[in-house]
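2 protein chains.
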Amino acid sequence: MRASEIAEDFPVVASDSNALEAARLLATNRLPGLVVTDPRGRPAAILPASQVVRLLVPRYVQDDPSLAGVLSESMADRVAEKLRGKTVAALLPDDRPELAVVEADDTIVEVAAAMARLRSPLVAVVDHDRIAGVITASRLLELALRER
Amino acid sequence: MRASEIAEDFPVVASDSNALEAARLLATNRLPGLVVTDPRGRPAAILPASQVVRLLVPRYVQDDPSLAGVLSESMADRVAEKLRGKTVAALLPDDRPELAVVEADDTIVEVAAAMARLRSPLVAVVDHDRIAGVITASRLLELALRER
Chain H
67 MRASEIAEDF
77 PVVASDSNAL
87 EAARLLATNR
97 LPGLVVTDPR
107 GRPAAILPAS
117 QVVRLLVPRY
127 VQDDPSLAGV
137 LSESMADRVA
147 EKLRGKTVAA
157 LLPDDRPELA
167 VVEADDTIVE
177 VAAAMARLRS
187 PLVAVVDHDR
197 IAGVITASRL
207 LELALRER
Chain X
67 MRASEIAEDF
77 PVVASDSNAL
87 EAARLLATNR
97 LPGLVVTDPR
107 GRPAAILPAS
117 QVVRLLVPRY
127 VQDDPSLAGV
137 LSESMADRVA
147 EKLRGKTVAA
157 LLPDDRPELA
167 VVEADDTIVE
177 VAAAMARLRS
187 PLVAVVDHDR
197 IAGVITASRL
207 LELALRER
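The listed protein sequences derive, respectively, from chains H and X.
Numbering-wise (my numbering), the first sequence opens with residue 67 and increments by one.
Numbering-wise (my numbering), the second sequence opens with residue 67 and increments by one.
No lab work stands behind these hints: they were computed from the structure.
Please note that a few of the clues may not be correct.
Chain copies aren't distinguished; within one or between two, either way the pair holds.
[Claimed, not checked] Within a straight-line C-alpha distance of at most 25 Å, the following computed SDA-like cross-link-like pairs (lysine to any residue) qualify:
1. K148 / D195
2. K152 / E169
3. K152 / E164
4. K152 / R183
5. K152 / R68
6. K148 / Y126
7. K148 / E208
8. K152 / E208
9. K152 / D171
Use the sequences and the hints to build the structure in full.
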């Protein structure tokens, strides 16, 4: 079984696309993250939903978490304002983890090895340098357990 | 809005429960991870699906990833054998990240701050020392964006 045969569609956003739209995609589809592609269409990074959640937290609470409990909650709904006009690239953490990428003809063991090595919940599958889908850890487990 | 009001049910497994059952839960529900509780019922860790995927990868491929491509794939279906008889606790990584835990009466800003600090895709909500549900990053975004 090859990576391209088990890859699934997954929401992908371009790094220069709108940050508010990306946040809506995460929220509507209840996703833990999105795959971000570079201008050539190649998967470049994961945008974790937890990174967007940072925008819900005012800077002075990030600096002193003990202040969070005494804050009014009205600031939570300012997130849309903070996202508007930003690109997805601006949301990505500087020290982001390496994105696991496999080739379309890689075997299931190669996929599992890449996922295990980077401790990633998903790998992006590329075919001729463009994203062809993703494989999640739970998808791999489903296949492995189904075969028994 | 308080944490207990927005918490949702989420599959939880006890640390002394069966590893094969936990893997099936991940696979069937297509989850990126499970919340693991200690013997007192308090959330103690996350079991990431990628950690279970490690069992699909033979030790000598973990040591030398270049061998993955030349392997037969039949070993992938030995995962059930490897899981049988193991506990969930035995699967947890030694250097696992801290589990984000909030109290039932914490505010949405406190929840967001805990999630952002640990860069966690979810936080466990406890009420009187027992798990009351989880809040995912995408759930928080959904609430924040809906209010606009």
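Index of numbered hints that the structure contradicts, given in increasing order: 1, 2, 5 and 9
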